[in-house]
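First to last, the protein sequences are chains A and B.
Position one of the first sequence corresponds to residue 684 (the working numbering), numbered consecutively onward.
Position one of the second sequence corresponds to residue 123 (the working numbering), numbered consecutively onward.
These aren't lab readings, by the way, just hints derived from the structure by calculation.
Don't be surprised by glycine CBs; every beta carbon is placed ideally from N, CA and C.
A portion of the hints provided could be inaccurate.
To be verified - In silico DSSO-like pairs for lysine-lysine, Cα to Cα no more than 27 Å straight-line:
| hint | chain 1 | residue 1 | chain 2 | residue 2 |
| --- | --- | --- | --- | --- |
| 1 | B | Lys194 | A | Lys1022 |
| 2 | B | Lys305 | A | Lys1022 |
| 3 | B | Lys313 | A | Lys1038 |
| 4 | B | Lys305 | A | Lys1038 |
| 5 | B | Lys313 | A | Lys1028 |
| 6 | B | Lys305 | A | Lys1028 |
| 7 | B | Lys309 | A | Lys1022 |
| 8 | A | Lys1028 | B | Lys210 |
| 9 | B | Lys194 | A | Lys1028 |
| 10 | B | Lys232 | A | Lys1038 |
Unchecked claim - One-sided and incomplete, this derived list gives chain A residues near chain B with beta-carbon spacing under 8 Å:
| hint | residue |
| --- | --- |
| 11 | Val819 |
| 12 | Arg822 |
| 13 | Ser885 |
| 14 | Thr927 |
| 15 | Ser1035 |
| 16 | Lys1038 |
| 17 | Arg1039 |
Unchecked claim - Now the in silico label distances, taken between C-beta atoms and shown as ranges:
| hint | chain 1 | residue 1 | chain 2 | residue 2 | range |
| --- | --- | --- | --- | --- | --- |
| 18 | B | Ser174 | A | Thr960 | 54 to 64 Å |
| 19 | B | Ser217 | A | Thr981 | 28 to 38 Å |
| 20 | B | Lys210 | A | Gln741 | 51 to 61 Å |
| 21 | A | Gly995 | B | Arg248 | 13 to 23 Å |
| 22 | B | Glu209 | A | Thr981 | 19 to 29 Å |
| 23 | B | Glu298 | A | Lys1028 | 41 to 51 Å |
| 24 | B | Lys313 | A | Asp814 | 53 to 63 Å |
| 25 | A | Glu1027 | B | Lys313 | 33 to 43 Å |
| 26 | B | Glu298 | A | Thr981 | 29 to 39 Å |
| 27 | B | Met123 | A | Asp996 | 49 to 59 Å |
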Amino acid sequence: MIFMVLILAPVSTAAASDTTPAAAPPDSLPSTVVAIVPFANHAGPQAATDSLVSLIQQRLVRAAVRVIDPAALRETLRRHRIRTAGAISREDAARIGQERQIDYLLLGSIDIYIEGSVPEAGFSVRLVRVDDMQVVWARSDAASGEDFAGLLGIGRITVMRVLLSKLVEQTFAGIDAVLQPAGSASALPAGLIYAIVPFDDSSPQAKAGDIVSGLVLSELVREGRRVVEPGMVRELFRRNNLITHGEIDLSLLTQLRDSLGVDRVITGCVDRFQPATTGAEWSRPEVALGGRCLDAGTGRILSAFEDARNGGDSESILRLGGYHSLGRLAWTAVQVMMKNLNDEKSWSDAPSRDKRPR
Amino acid sequence: MQAVKYFRILLAAAAVLVALGCARGPTVFINDEYNFQYVERVAVVPFDNLTSDQGAGNRVTRVFIADLLAEKAFDIVEPGEVSRVLEKFSTVRTSQLTQEQITAIGQDLKVQGIIFGNVTEMTSSRSGSAMVNTVTLVIRMVETETGATVWSATNTSGGRGFWGALFGGGDKSESEAIRDCVKGAVKTLIK
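The whole structure should be built from the sequences, with the hints applied where relevant.
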């Protein structure tokens, strides 16, 4: 009997090994399984997504989790006709989760990818627990090679892969504590449930609305708030044959509340999303955006905020203190916007008759 | 006597300089017979854009909504709801809505006032070393029972002004010019 087990063990191991080998020895395979869903590419070249995903995969393997081989996952997605990128619906997550025994899905987008003598990159990522579709972790990060330059430009990063590598290390620094074995679900943050209606985009930069929507999600999760997976919001809109950006009507708001338990909706618009330019007509990055927070129960606008920033606004002497990276400037703008939108003290203030003309 | 004469001339000159330096305020109409206490909830229709700057109308509309909300004088309908209702009148420019249509919109959205606006100027020009951004808005509120205009304001913001032209500086970004223009208009409605 023992002889039979010894023969069969390598066979069963081989059959199950469509996962990337983890760093741990074979007799203690990690119990947490993660699949990286194809990233949304807001930046342009396919090389952007390929570089980023490969770095993320290597980082996750170091966190002692089993990462589903991307080729094997693609096969599963193809078989189920799942063409998603950057977001996933509950049904699709359940299908691939069941087939591959996945605990977490890693979703995200590459937002900025500008090659050159001083490259610039930015991305957003989030981890969704397949059991309950909760977004348990989300981060956005961005930088320009200039952001790492010290005195006399020492330390400036001039190679894109090095920049991406640094960003991945920074972003995933706290991931190990989040990736718990299946079954030991971490407590969900208490409080209101948020949904993001994709931001509208009136800037010349394609996909600026989607990029800012990703930043908003990361900021909400960073603040410890519960956010509905955007793929589920998208699926609800699709069922209503609607693609809405920057606004929402009462009927959809009610459906978000009734079917997804949403309490608050965040939406808005991006007017300007411009990277820095180099050369003779040198300029800093620029961002202009605005947002609203809505009560899903009443449809009331609770707060609204508009902001416009230039990377040189915080510049002091010798061009110090300014922003080199569009991604970091956008991140700051989003943080300020969310702080104003989530000022709960102002939500309770009903309109005052005293302010109206007599 | 000579001293008094010179003093009077100096005083007159100073008065002229101060008057030149003072900015022109908005042109305002408020219907004194209308009871604004009755207006609990308003809808803001996307402003018409009469400039060559694409997106100016929507941009200014959003800044206006944010500013009006911050004053906490009225509840404001979510723009998505306004879009839903306006789609029923999709062939009509908002400035051509009839009284019946305004009343119907008011009932559908449960609002007592509807705010319309036009962005009539949004220009950027170079003045010396400075970039000068100028914005002009024409905004009005109609009450939904009769379609009568109960408030209107025309405001311009931007430019360098007399002192800016004399001593330099005073240039505003486009966003600042929009915000100042909107704020100036809103202040004529809200105390």
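Any hints from earlier that this structure breaks? Give me their numbers in increasing order, please.
Going through the list in order, the structure violates hints 8, 11, 12, 18, 23, 25 and respects the others.
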